[in-house]
Amino acid sequence: MNKTTIHSIIKTKDLSIGYQQKKQQLIVAKNINITINQATFTALIGKNGVGKSTLLRTLTKVQQPLSGNVYLKNKSISAYSHKELATELSLVLTDGLPESQLTVFELIALGRQPYTNWIDKLQANDISKINWAIEQTEITHLKDKKFYELSDGQLQRVMIARALAQDTEIIILDEPTAHLDMHHTYKIFLLLKKLVATTGKTILISTHQINLALELVDELIVMKSNSIASGRTQDIIESNALETLFPKDILRFNKTLQQFTVNKKN
Amino acid sequence: MNTHKTYSKQFVILTGLLIILFILNISVGSVSIPTKDIFSIILGDESIKNSWKDIILTIRLPKAITAILIGTSLSISGLLMQTLFRNPLAGPFVLGISSGASLGVALLILGSTAFGGYFLTSTFSSWSIAIASSIGSFLVLSAVIIAANKVKNTMSILIIGLMFGSFTAAIISILSYFSEAAQIQQYIFWSFGSLGNLNWNELSVLAGISLVGILFSLLIIKPLNSFLLGENYAKSLGINIKQSRVLILLITSLLTGATTAFSGPIAFVGLAVPHVAKLIFTTSNHKILIPATAITGAIVLLICDSIAQLPTSELILPINAITSLFGAPIVIWLLIRKKKLYV
Chain A
3 MNKTTIHSII
13 KTKDLSIGYQ
23 QKKQQLIVAK
33 NINITINQAT
43 FTALIGKNGV
53 GKSTLLRTLT
63 KVQQPLSGNV
73 YLKNKSISAY
83 SHKELATELS
93 LVLTDGLPES
103 QLTVFELIAL
113 GRQPYTNWID
123 KLQANDISKI
133 NWAIEQTEIT
143 HLKDKKFYEL
153 SDGQLQRVMI
163 ARALAQDTEI
173 IILDEPTAHL
183 DMHHTYKIFL
193 LLKKLVATTG
203 KTILISTHQI
213 NLALELVDEL
223 IVMKSNSIAS
233 GRTQDIIESN
243 ALETLFPKDI
253 LRFNKTLQQF
263 TVNKKN
Chain B
719 MNTHKTYSKQ
729 FVILTGLLII
739 LFILNISVGS
749 VSIPTKDIFS
759 IILGDESIKN
769 SWKDIILTIR
779 LPKAITAILI
789 GTSLSISGLL
799 MQTLFRNPLA
809 GPFVLGISSG
819 ASLGVALLIL
829 GSTAFGGYFL
839 TSTFSSWSIA
849 IASSIGSFLV
859 LSAVIIAANK
869 VKNTMSILII
879 GLMFGSFTAA
889 IISILSYFSE
899 AAQIQQYIFW
909 SFGSLGNLNW
919 NELSVLAGIS
929 LVGILFSLLI
939 IKPLNSFLLG
949 ENYAKSLGIN
959 IKQSRVLILL
969 ITSLLTGATT
979 AFSGPIAFVG
989 LAVPHVAKLI
999 FTTSNHKILI
1009 PATAITGAIV
1019 LLICDSIAQL
1029 PTSELILPIN
1039 AITSLFGAPI
1049 VIWLLIRKKK
1059 LYV
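Quick note, the sequences are listed as chains A and B, same order. Start counting the first sequence at 3; every next residue gets the next number (the numbering used here). Start counting the second sequence at 719; every next residue gets the next number (the numbering used here).
Calculated directly from the structure, the hints in this document are not laboratory data. Where a beta carbon is used, it is the ideal one built from N, C-alpha and C, also for glycine. Hints may be right or wrong, so weigh each one.
[Stated by the list, open to error] Quick look at which bits of chain B chain A covers, simulated, 3 or more residues with Cβ under 8 Å:
#1 729-737
#2 900-907
#3 944-955
[As the list claims (entries may be wrong)] Computed, partial: chain A to chain B, Cβ under 7 Å:
#4 Gln23
#5 Lys25
#6 Ala88
#7 Leu93
#8 Leu95
#9 Pro100
#10 Gln103
#11 Leu104
#12 Gln115
#13 Pro116
#14 Ile121
#15 Asp122
All chains, full assembly: derive it from the sequences and hints.
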């Protein structure tokens, strides 16, 4: 990014996340102070079970923080109504869709709901936004298909198009390449990178494709069981935060290659 | 949502079919009246035989209109339940809502003898039956929803609905055991289902409630469509999930409660008709599906009622038997042919 000034768009302050179970608090992670900058492609990485999904759910107000605060554009996220939030951030989740007969176009059009009237009527502006989203994600040939006819890779691009059509500054994707092969995983990463560059949107993903993220994203949030750090990919690498991400018996972070590699048997 | 293609062809054909079936339905019965004279009677011609006029105006016409209202209401209820629970097997019956209505009516008719016989000699007005039925269906539906919020698993919700069904059935058996034969008979006849019991006053009450329910269902097209993505996406689109859920449940209990009150528990229409509509219109967009389901429901119940008449015979079969007799094979056939049912 060649921006002279970098603005933060999401910021957390002494955030503690987890679940409130009657009188007991189940703390998943605490002391979270991270920043996500405007118009960056950011990846949230960490091993299984460390709380990535809980953090994303808290950042998107699906779940309440145990303590501390999340700020969206310098305003506490609790001050946003769900309706207001719908015009600020859009989501691509890992939830499967119920079996319906929605077409790809209709599915993407649902992204316009925050702007449509009570009967969901699409205005010219809505249609042009939908078509723009379809072009950006290169799915024009799929637009009249039923969504259940699509492959996983195609469906993921449709879900991204739906988020684009929602016309929000921030798009948050939970493991967008979970079921995809290598080719389609790259395709999604490159698409997201392109979208950040061409549209100036802020994109945050959680992912297990760490090597790919190291190669392609602007910023990283590294989540470990006792600490969490965010910053530019290079800075994170320099800070040696990745060395202790996994137990060292199988994988090791290779600083020269800037990739994780499998330990060679001696 | 953009509908992209137009569905006017299907709508025109179905509306035409509805009109033809409506006329056919009025024409069949134990007394044969020429269609030409039926039109004259409806248009207010005084020169037609009085007995014919009575048959048409006090029996056949209210019954045909009842069939349309009830077919429409139950089918829309089923559609709403299928979308809310994101389960193609949901419907007023499966979720125990109709059992709730039955329980309400049973408590009123049978409970009066079981609990001291204060009302013993009174016959119950359609009003009190309607209210008892609506309260019953609303209570059971609320219980199902509270349970649904706790378990979140759709399969469990359906099982919970079935359990409520057997629970209410058990209470009804106990009530019957302590009731007088006359009350039991009144309740059993109510539970057979009938479209022919309504006079014009009761019909206008049913029509009022149905229209309110149907109009409200049009107001929730947007949340219904967003539910097609699942609740998390719906929430991220700014939809107020709790409020929408309560609205859907209120509309469903209003429609199911009112229809069950006036015509008894009519099986299978609520479950099967939305699938027939989804098959004909191949869409999940509720802007299309709600009117489509409404028309299809009216058509299906008119057909069932015409069959129940056993044309040219004096006999009228219970409507409930006919809907199940045809509903069950239709659902099986849909499943085998399409291999899949959609929400």
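Margin query: Checking each numbered hint in turn, tell me which of them this model violates, lowest number first.
Written below: 1, 2, 4, 5
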